[in-house]
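Q: Each chain is listed here by its residues.
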Amino acid sequence: MPTRRRALLVILLLALLGLASLIAALAAGSLPVAPAELAAALFGGGEGVAADVVRELRLPRALAAFACGALLALAGALMQVLLRNPLADPYVLGISGGASVGALAAMLFGLPLVFVHGGAFSGALAATLLVFGLARGDGSWTQTRLLLTGVIVAAGCGAAVALILSVAPERELRGMLFWLMGDLAHAGSAWPALAMLACGILATLPFARDLNLLARGDLAARALGVPVARLRAGVYLLASLATAAAVTTAGSVGFVGLIVPHLVRLAIGNDQRVLLPAAALAGGALLTLADTLARTLFGPQQLPVGVLTALIGVPVFLFLLTRSPKTS
Amino acid sequence: MTALLTVRDLDVNIGNVRVAAGLGFDLAAGERLAILGRNGTGKTTLLATLAGLRAPEAGALALCGESYEALGTRRAAQLRGLLPQGHIDAFQSTVLETALIGRHPHLGRWGWEGREDERLAREALAAVDLAGLGAREVHTLSGGERQRLAIAALLAQQPKLYLLDEPLAHLDLNHQVAILELLSRRTREDGVGIVMVLHDVNFALRYADRALLLFGEGRTQEGPVDAVLRAEALTRLFGHPLRERREGAARYFLPD
Chain A
91 MPTRRRALLV ILLLALLGLA SLIAALAAGS LPVAPAELAA ALFGGGEGVA
141 ADVVRELRLP RALAAFACGA LLALAGALMQ VLLRNPLADP YVLGISGGAS
191 VGALAAMLFG LPLVFVHGGA FSGALAATLL VFGLARGDGS WTQTRLLLTG
241 VIVAAGCGAA VALILSVAPE RELRGMLFWL MGDLAHAGSA WPALAMLACG
291 ILATLPFARD LNLLARGDLA ARALGVPVAR LRAGVYLLAS LATAAAVTTA
341 GSVGFVGLIV PHLVRLAIGN DQRVLLPAAA LAGGALLTLA DTLARTLFGP
391 QQLPVGVLTA LIGVPVFLFL LTRSPKTS
Chain B
19 MTALLTVRDL DVNIGNVRVA AGLGFDLAAG ERLAILGRNG TGKTTLLATL
69 AGLRAPEAGA LALCGESYEA LGTRRAAQLR GLLPQGHIDA FQSTVLETAL
119 IGRHPHLGRW GWEGREDERL AREALAAVDL AGLGAREVHT LSGGERQRLA
169 IAALLAQQPK LYLLDEPLAH LDLNHQVAIL ELLSRRTRED GVGIVMVLHD
219 VNFALRYADR ALLLFGEGRT QEGPVDAVLR AEALTRLFGH PLRERREGAA
269 RYFLPD
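These protein sequences, in sequence, are chains A and B.
Going by my numbering, the final residue of the first sequence carries number 418, and the count climbs one at a time with no gaps.
Going by my numbering, the final residue of the second sequence carries number 274, and the count climbs one at a time with no gaps.
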């Protein structure tokens with residue numbers, strides 16, 4: 091049983107890790123910035139090229155990466171409890187599929203970036219509402235029904251994405267592929283994602299113990315006083331909004347939402363009161379580091395960050411699968 | 019004194035199947051009620067209805083003199099506990115953590131389990147013969163141990179009314195007796211009330227004060243075990259002939 095003190099310690103350590111990842115993201119790049127210069131750029135109103143690069147380019151991108159990673163990990167942890175399945179991820183219910191269709195459709199018509207972001211967000215919400223509405227259709231809101239509906243909607247979105255890719259003009263294809271793999275080069279402002287992250291954490295923490303019980307079955311949870319129907323609807327909407335915010339900012343970055351809650355769970359157990367904030371911090375740190383690698387590894391050539399998270403994620407995940415045979 | 023559980027004119031259906039029609043009884047503190055019936059007659063559904071987790075088609079329920087709506091989910095969870103039939107362990111968890119879930123309704127929104135909660139959980143584990151297994155992973159328990167763990171979580175909840183769906187499932191004979199003895203001791207010493215679904219007529223005879231028979235199609239019979247548990251009624255209930263034997267003052271039933 092994690093005590094409150096141990097929980098705070100874990101969260102403090104992960105917060106330091108997150109801070110370290112942000113500092114690394116600000117310092118590293120084709121123009122290396124020394125610690126003193128970094129401090130001056132951030133706090134001292136330093137001037138010159140280094141300060142501009144840090145403030146104008148790297149800081150917004152690092153914050154966006156951190157917020158998106160945290161949102162995806164939080165959404166993943168929530169989806170895993172909601173579906174009572176440790177293999178669920180933020181995209182399992184078709185959210186990223188809907189976002190992809192929206193964003194790629196905007197790109198297909200050559201619309202400016204703001205429409206791509208708008209398209210992604212509306213697509214994600216449309217897929218969410220579609221799955222929610224269909225899965226509730228007969229009143230029985232079981233996770234099997236939810237999962238199946240989500241998988242089918244995701245498959246439909248996949249077909250629509252393939253259609254868009256096949257009719258898209260040559261010059262748009264590269265941007266579309268980068269978007270589909272997740273890319274922070276066009277992140278824009280980090281503030282919507284950061285605000286969503288703050289809302290997500292503040293909204294879930296008071297109900298974290300209720301979520302612990304939700305993982306043990308609807309009837310058991312209800313018998314212990316958990317308002318299961320309302321909680322599930324709330325968790326679903328919140329995880330969807332968190333995913334939509336992340337996907338809108340960074341495209342569909344894979345594996346963060348699946349791997350991070352898993353790793354954190356292995357390290358500190360499944361108490362949602364610790365798991366949710368810890369997963370958010372670890373996810374933020376992971377995506378910030380991955381994005382820093384993505385733009386420095388073959389710099390100035392940039393990689394889509396989703397490729398890196400997948401390259402890290404797949405072996406880790408396969409290792410976890412072979413290690414723990416009990417996964418469902 | 020108001021009864022722990024008051025049931026009035028209760029109609030319970032599952033789809034088109036009638037489980038109970040016009041059912042009414044009182045359960046006082048310190049009483050044990052056994053529910054018996056064939057598979058699929060709605061014992062689990064009835065238990066969920068009595069727990070206030072499923073709306074009846076008609077009728078009224080009161081827990082400690084108040085309706086479930088008036089109590090609210092949290093207060094209701096402090097007063098009555100339910101042992102469900104299956105246990106879901108989707109994620110890893112230790113035995114102690116699992117026993118501690120019973121403390122949930124007693125903790126505030128931001129509360130964490132404290133020393134007292136841990137003491138109650140460890141006591142509950144000891145009561146079901148799981149002392150010293152607190153750090154074990156739930157996945158590594160046997161079916162019977164898992165069942166006793168669920169009962170421990172219920173004990174840690176400290177409800178006034180226990181609603182138990184087949185509490186003896188997966189238990190070996192010595193633990194079946196031990197659990198029934200434990201529950202009976204709680205009724206005598208702490209004045210809790212117990213409603214349990216049992217399949218063993220002889221255990222019902224020995225460890226229950228009252229019995230409720232579900233014959234199907236809404237027909238029910240409720241009363242003291244000596245009056246209700248009779249060879250003719252039980253033969254009709256199970257659709258299999260049962261014969262009553264006597265050994266001194268004790269009665270028991272044997273299937274033909």
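Hints are computed from structural coordinates only; laboratory data are not their basis.
It cannot be assumed that every hint is accurate.
[Unchecked claim] Beta-carbon label-pair distances, calculated as ranges:
id, chain 1, residue 1, chain 2, residue 2, range
1, A, Leu292, B, His157, 49 to 57 angstroms
2, B, Val195, A, Leu292, 30 to 38 angstroms
3, A, Arg94, B, Gly234, 28 to 36 angstroms
4, A, Gly248, B, Asp208, 52 to 60 angstroms
5, B, Arg224, A, Leu177, 44 to 52 angstroms
6, A, Arg95, B, Arg203, 31 to 39 angstroms
7, A, Leu292, B, Arg206, 33 to 41 angstroms
8, B, Asp244, A, Leu238, 50 to 58 angstroms
9, A, Arg226, B, Gly241, 55 to 63 angstroms
10, B, Asp274, A, Leu177, 47 to 55 angstroms
11, A, Leu219, B, Arg56, 53 to 61 angstroms
12, A, Arg94, B, Asp208, 46 to 54 angstroms
13, A, Arg226, B, Ile32, 20 to 28 angstroms
Everything numeric in this text was worked out from a predicted model, so none of it was measured.
For each residue, glycine too, the CB sits at the ideal point set by N, CA and C.
Q: Give a verdict on every hint.
A: Structure-based check of all given hints:
For leucine 292 (chain A) and histidine 157 (chain B), the hinted distance range of 49 to 57 angstroms is not satisfied, since their beta carbons lie about 33 angstroms from each other. For the pair valine 195 (chain B) and leucine 292 (chain A), the beta carbons lie near 51 angstroms from each other, so the given range of 30 to 38 angstroms is not met. Between arginine 94 (chain A) and glycine 234 (chain B) the CB atoms are about 51 angstroms apart, so this pair departs from the stated range of 28 to 36 angstroms. Between glycine 248 (chain A) and aspartate 208 (chain B), the C-beta spacing of about 59 angstroms keeps the proposed range 52 to 60 angstroms intact.
Look at arginine 224 (chain B) against leucine 177 (chain A): about 47 angstroms separates their beta carbons, and that is inside 44 to 52 angstroms. Between arginine 95 (chain A) and arginine 203 (chain B) the beta carbons are some 37 angstroms apart, a value that agrees with the proposed interval 31 to 39 angstroms. Taken as a hint, the range 33 to 41 angstroms is violated for the pair leucine 292 (chain A) and arginine 206 (chain B), whose Cβ atoms sit roughly 48 angstroms apart. Remark: the range hint 50 to 58 angstroms for aspartate 244 (chain B) to leucine 238 (chain A) is upheld by a beta-carbon distance near 52 angstroms.
A beta carbon spacing of about 43 angstroms between arginine 226 (chain A) and glycine 241 (chain B) contradicts the range 55 to 63 angstroms that was offered as a hint. Checking the proposed 47 to 55 angstroms range against aspartate 274 (chain B) and leucine 177 (chain A) shows it holds: the Cβ atoms sit about 51 angstroms from each other. Between leucine 219 (chain A) and arginine 56 (chain B) the C-beta distance comes to about 44 angstroms, which lies outside the given range of 53 to 61 angstroms. Hint check: arginine 94 (chain A) to aspartate 208 (chain B), Cβ distance near 30 angstroms, so the stated range 46 to 54 angstroms is violated.
The hint said 20 to 28 angstroms for the Cβ distance between arginine 226 (chain A) and isoleucine 32 (chain B), and at roughly 21 angstroms that hint holds.
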